[in-house]
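Enquirer: Now for the letters of each chain:
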Amino acid sequence: MKNRFIGKGKSERREKPRSRRGGASRRRYFGERIKDGGKVWLLQHMQAAVFSFGQLARNPFGSIMTIAVIGIALALPAGFYLILDNTQRVASGFDTTLQIATYLKLDTSAERAAHLAAELRADEAIGAVEYISRDEALSEFRERSGFSDAIDALRDNPLPALLLVQPAGNARDTAAYNNLLKRLRGMPEVDQADFDHQWLQRLQAIIETVQRAVLVLSVVLGMAVLLIVGNTIRLGIFNRRAEIEITKLFGATDAFIQRPFLYTGFWYGLLGAIFAWLLITAAVLFLRGPVQDLASLYASDYRLRAASLLQLLALFGCGVGLGLAGSWIAVQRHIKAIEPA
Amino acid sequence: MIRFSNVSKQYPGGIEALRQINLHIEEGAMAFVTGRSGAGKSSLLRLIALIERHTRGQIIINNQNLERVRGRRVPLFRRNIGFMFQDHRLLHDRTVFDNVSLPLVIAGARHQDIVKRTHAALDKVGLLHKEKAYPVALSGGEQQRVGIARAVVHRPALLLADEPTGNLDPALSWEIMQLFEQFNQVGVTILLASHDLDMIKRMRKRIITLRMGRILDQGRDDEK
Numbered sequence: 001m002k003n004r005f006i007g008k009g010k011s012e013r014r015e016k017p018r019s020r021r022g023g024a025s026r027r028r029y030f031g032e033r034i035k036d037g038g039k040v041w042l043l044q045h046m047q048a049a050v051f052s053f054g055q056l057a058r059n060p061f062g063s064i065m066t067i068a069v070i071g072i073a074l075a076l077p078a079g080f081y082l083i084l085d086n087t088q089r090v091a092s093g094f095d096t097t098l099q100i101a102t103y104l105k106l107d108t109s110a111e112r113a114a115h116l117a118a119e120l121r122a123d124e125a126i127g128a129v130e131y132i133s134r135d136e137a138l139s140e141f142r143e144r145s146g147f148s149d150a151i152d153a154l155r156d157n158p159l160p161a162l163l164l165v166q167p168a169g170n171a172r173d174t175a176a177y178n179n180l181l182k183r184l185r186g187m188p189e190v191d192q193a194d195f196d197h198q199w200l201q202r203l204q205a206i207i208e209t210v211q212r213a214v215l216v217l218s219v220v221l222g223m224a225v226l227l228i229v230g231n232t233i234r235l236g237i238f239n240r241r242a243e244i245e246i247t248k249l250f251g252a253t254d255a256f257i258q259r260p261f262l263y264t265g266f267w268y269g270l271l272g273a274i275f276a277w278l279l280i281t282a283a284v285l286f287l288r289g290p291v292q293d294l295a296s297l298y299a300s301d302y303r304l305r306a307a308s309l310l311q312l313l314a315l316f317g318c319g320v321g322l323g324l325a326g327s328w329i330a331v332q333r334h335i336k337a338i339e340p341a
Numbered sequence: 001m002i003r004f005s006n007v008s009k010q011y012p013g014g015i016e017a018l019r020q021i022n023l024h025i026e027e028g029a030m031a032f033v034t035g036r037s038g039a040g041k042s043s044l045l046r047l048i049a050l051i052e053r054h055t056r057g058q059i060i061i062n063n064q065n066l067e068r069v070r071g072r073r074v075p076l077f078r079r080n081i082g083f084m085f086q087d088h089r090l091l092h093d094r095t096v097f098d099n100v101s102l103p104l105v106i107a108g109a110r111h112q113d114i115v116k117r118t119h120a121a122l123d124k125v126g127l128l129h130k131e132k133a134y135p136v137a138l139s140g141g142e143q144q145r146v147g148i149a150r151a152v153v154h155r156p157a158l159l160l161a162d163e164p165t166g167n168l169d170p171a172l173s174w175e176i177m178q179l180f181e182q183f184n185q186v187g188v189t190i191l192l193a194s195h196d197l198d199m200i201k202r203m204r205k206r207i208i209t210l211r212m213g214r215i216l217d218q219g220r221d222d223e224k
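If you read the sequences in order, they're chains A and B. Quick note on numbering: the UniProt record's numbering labels position 145 of the first sequence as 145, and the sequence is numbered without any gaps. Quick note on numbering: the UniProt record's numbering labels position 209 of the second sequence as 209, and the sequence is numbered without any gaps.
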């Protein structure tokens with residue numbers, strides 16, 4: 001029986017049989033363990049995963065409460081993110097480059113207009129100029145409006161020539177933009193000049209602001225999830241103090257004891273994320289009808305989009321990550337502190 | 001198997017639980033530690049199990065100096081010890097089978113081995129038919145036998161028992177002692193703390209008597 005104590009290995013899997021007289025079955029037992037080290041490790045993980053899931057299932061009311069709280073905390077930022085995503089899609093349906101629609105006076109000749117366009121193109125504050133002559137404007141209007149007969153009845157073309165001026169440089173440089181606008185308005189040939197799609201720019205700015213707010217909200221609620229999971233696991237550890245003491249006394253490593261608690265955190269995170277997904281999906285379905293009605297009023301076939309697969313993966317990843325991190329913090333703090341007495 | 005050289009244990013606050021203990025228990029022996037409450041019986045067992053650390057002297061268990069068994073070596077060291085307690089300390093939310101198989105699960109044994117050995121251990125203590133029961137459904141003597149099965153299922157080299165019969169009537173205590181003797185006969189070194197002098201005298205094994213943290217009597221195998 002000499003040397004049956006094992007004290008060399010640094011970890012469970014490096015354990016080696018030092019016994020030569022320890023009995024055939026014992027030798028085989030450890031021999032197999034080394035050969036099947038990976039398999040044992042995998043098996044122990046599966047046992048811990050199933051065991052911890054079973055523990056949640058055995059206390060369904062408490063588990064569902066915790067999962068629901070985590071789910072709501074995850075659903076809020078995820079839902080806001082989805083709203084932002086959908087709003088951005090509204091905005092991106094349009095050409096977002098800022099243009100100045102410059103209408104020329106009716107008495108400006110076509111040569112003068114073309115000349116002006118060329119002049120403006122040479123201006124370094126201007127990126128591009130699109131010239132739409134009076135005739136082009138009329139034929140376009142005729143095509144689009146369906147009033148061709150009425151237009152044919154007109155003696156003169158009522159439409160002005162149009163220069164679509166795209167400013168050069170950074171779209172955020174509002175001062176330069178306004179300067180350019182003022183210059184265009186001051187030209188003798190110009191009747192009227194205004195930003196086109198300015199509301200889109202404002203919408204973009206609002207979206208960016210809200211994005212920041214959602215980010216802050218996400219961080220705060222993520223921390224809430226961390227604390228919820230951490231506290232739940234902490235209580236679980238205290239409830240199973242006797243068990244932890246006994247397993248330590250029979251030679252369980254910290255890793256072995258931690259495993260079911262870490263898996264509990266994993267399950268909380270995953271199930272919470274699934275709960276959040278259900279909440280968001282329900283909300284999208286609930287809103288889809290009214291949004292579609294609204295869109296049809298704007299003659300758009302816009303539809304509210306549910307979370308994409310990638311977004312779902314991100315949600316589940318966040319849930320699992322926060323669950324694991326929360327339980328990790330609790331486990332690190334509390335399991336080491338429990339020693340058999 | 002167990003060798004104490006000038007071992008002292010002082011608790012924070014200055015209370016000396018053990019003083020200058022010199023003790024040798026050879027491999028395969030069965031010995032009793034006795035003495036009044038507070039004489040240091042439990043402390044002696046706790047030092048061996050590394051539940052507490054001695055403050056002076058040297059303890060060598062199976063050629064391992066306990067000073068050097070630290071950190072991650074502690075769990076591996078403990079896997080070769082079986083434990084028994086007066087209050088049996090079974091896990092109430094697990095079946096008898098799950099309680100007994102715990103040391104094997106901890107060691108990462110294969111499923112077939114776990115089943116085979118757990119059944120063998122339960123069979124030895126005569127409780128194979130109760131494997132699916134929960135500890136609360138068992139009598140005190142049965143619970144204690146489950147505790148023994150758990151203490152030996154992983155075939156430890158050393159079995160430590162702290163007042164294993166403290167809550168049992170004399171007839172049951174004697175039965176439990178017979179079980180310990182059987183395990184000792186197949187080679188397990190057993191160190192048993194008990195204050196039931198009448199019973200342990202009938203066992204005709206070495207008796208180490210402690211008083212106030214000192215060894216009063218080394219027993220008949222005295223070699224120091």
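These are calculated hints, taken from the structure and not from any lab test. By construction, the Cβ of each residue, glycine as well, lies at the ideal position given by its N, Cα and C atoms. Heads up, some of the hints might be wrong.
[Stated by the list, open to error] Selected chain A positions facing chain B (Cβ under 8 Å, derived; list incomplete):
| id | residue |
| --- | --- |
| 1 | G38 |
| 2 | L42 |
| 3 | H45 |
| 4 | M46 |
| 5 | S63 |
| 6 | A122 |
| 7 | F250 |
| 8 | T253 |
Enquirer: Would you mind marking each hint as holding or not holding in the structure?
Expert: Hints and how they fare:
Among the interface hints, the one on A/G38 is violated; its C-beta lies about 11 Å from the nearest C-beta in chain B, farther than the 8 Å criterion. Contact between A/L42 and chain B, as hinted, is not supported at the beta carbon level, the nearest pair being about 11 Å apart and thus beyond 8 Å. This hint is violated: A/H45 has a C-beta 11 Å from the nearest C-beta of chain B, more than the 8 Å allowed. Hint on A/M46 is violated. Least Cβ distance to chain B is approximately 11 Å, over the 8 Å limit.
Because the beta carbon of A/S63 sits about 16 Å from the nearest beta carbon in chain B, more than 8 Å, this interface hint is broken. Checking A/A122 against chain B by beta carbon gives a least distance of about 78 Å; that is not within 8 Å, so the hint is violated. Annotation: A/F250 was flagged as interfacial toward chain B, and the flag holds, the nearest CB pair being 4 Å apart, inside 8 Å. For A/T253, the interface hint holds, the least distance from its beta-carbon to any beta-carbon of chain B being 5 Å, beneath 8 Å.
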